[in-house]
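Respectively, the protein sequence lines represent chains R and U.
The numbering used here numbers the first residue of the first sequence as 4 and each following residue consecutively.
The numbering used here numbers the first residue of the second sequence as 10 and each following residue consecutively.
Calculated directly from the structure, the hints in this document are not laboratory data.
Note that CB positions come from ideal geometry on N, CA and C, so glycine has one too.
Heads up, some of the hints might be wrong.
Said to hold, decoys possible - Interface residues of chain U toward chain R, partial, derived using beta-carbon atoms under 7 Å:
#, residue
1, 14
2, 18
3, 78
4, 82
5, 85
6, 92
7, 95
8, 96
9, 167
10, 169
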Amino acid sequence: MHTTLTVVLLSLIGFIAGLAIFLASKFLPKEDESLAEAAKIREFLPGADCGACGHPGCFAYAQAVTKDKSVFTRTPCPTLAQDKQGIKRLEEHLGLKAEATIGKKAVVHCTGGSHSIVAYEGLESCKAAVQLASGFNECSFACIGMGDCVTVCPTGAMTIDPERNVASVDWSTCIGCGLCVPACPQHLTELVPADMPQYLACNYLSKRDIPGRKRCPDGCLHCQICVKVSADGEVTWDEKKDLPYFDPTRSIPAPAAIEKCPRHVIKKSPAYEEPTVSPGSDSASEE
Amino acid sequence: MSNLIAIFFGMALVNNMVLAKFLGLCPFFGVSKKLSSAVSMGIAVLLVMLVASAVTWPLYHYLLIPYGAAFMRTVIFILVIASLVQIIEMTIKRTNLTLYNALGIYLPLITTNCAVLGITFINIDQAYSFIESLVAALGAGAGFTLVLIIMSGIRERLELADSPKAFRGTPIAFITAMLLGLSFLAFKGMI
């Protein structure tokens, strides 16, 4: 009798549990159909979850594309854009054509101008060196030059300049995967649009500290002359960081700022093109 | 009230799930390589422990004991917890995608986690009341999360450390766990 009761009880609990799952799957709001569609799109993506597209991973990108197809036409997966056949397959699947194949490229916000003040003989890794009083350079924001970014770079676009002991990017091989961004303990690497004509080669953030000139012959002085000479707003001032800011959505060259910068720390990127005499209506209305 | 506080810290530190009771060792080594995933895993375990305790306590006291089926508790608890986690996962997946992306893959992992089953048994063996067992589950989950976070923090640094070649990877993690367990031994007898 007692055994029967136990068996019945156990079956009953099992039945109720099964029923609960059934009811839950029946009456809960339906699973987004977009999920299945996104899973299909993910099949075409590289699956590296690199985040170069600006989404937290390939699946998140697939979800964004499912929700709004124009995400693909505006910002096609930059890693896939290197692979002509791969992007063609995805284009065929979506029935769309990727318009802008402008990917992203990495830049390093440091010239390596500051000198080292102590001899470091520890582990050959930027992350390890930074643990000791923000590295061994005079400028505590400077590139360590031990090549953590070189190690993670899948294409070998990152190299360390042996003379200045600073990382530099070869834009012809950089695929804009962004793996170097979390690898840098000094937060010096950043992804910018591949048509960005210039970037700031300094990351001297500290607002209350003495300006860069004391620490580095190339350091930004925070003089803001670059903002003053750029009439079209090519350069704006990032109040939070206290550094010049180039709007990534506009990507317009700022030749005046590059020339006028007293430390020559605004560098031309490989995408820089000398602006023609009348680049558009903007300068015409200005004159 | 002081009783509840004693239970919370007792479960979190003195009788820590991982380092004193040796439960949930699988995620302790499997998901402690990165801090971010360790935090997600810890929170998911805490959540499931809480819900599992809230469901199994009335089930045991109002159904299994009156009908003399208390000896079947292992089977029944596994059944109930597994279906419960299924329902929770389904609910999260269909209502909150962001949360699902953060916790989703960890929830099915927890279904068969012995730490979750362990806390429900501890609640019953210690003869805790309903409120007490909820606090115990909260403490156990918090302790589990704490240990997972400590372990992942250490392991992230161990990746850089110059350990002997034969010890790299999991062996050094075992040694770290041993040292961590020794340090948690210091809590023994406090409560």
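Here's how the hints hold up against the structure:
Given hint, residue 14 of chain U at the interface with chain R, is violated; its Cβ is 34 Å from that chain's nearest Cβ, farther than 7 Å. Hint on residue 18 of chain U is violated. Least Cβ distance to chain R is approximately 32 Å, over the 7 Å limit. Contact between residue 78 of chain U and chain R, as hinted, is supported at the beta carbon level, the nearest pair being about 5 Å apart and thus within 7 Å. The restraint placing residue 82 of chain U at the interface with chain R is violated, with a minimum CB-CB distance near 11 Å, outside the 7 Å limit.
Hint status for residue 85 of chain U relative to chain R: holds, with the closest Cβ pair at about 6 Å, below 7 Å. Taken as an interface hint, residue 92 of chain U checks out: its beta carbon lies about 4 Å from the nearest beta carbon of chain R, inside 7 Å. Checking residue 95 of chain U against chain R by beta carbon gives a least distance of about 5 Å; that is within 7 Å, so the hint holds. Taken as an interface hint, residue 96 of chain U checks out: its beta carbon lies about 5 Å from the nearest beta carbon of chain R, inside 7 Å.
The interface hint given for residue 167 of chain U is violated, since its Cβ lies 12 Å from the closest Cβ of chain R, which is over the 7 Å cut-off. Below 7 Å, beta-carbon pairs count as interface contacts, and residue 169 of chain U has one with chain R at about 5 Å; its hint therefore holds.
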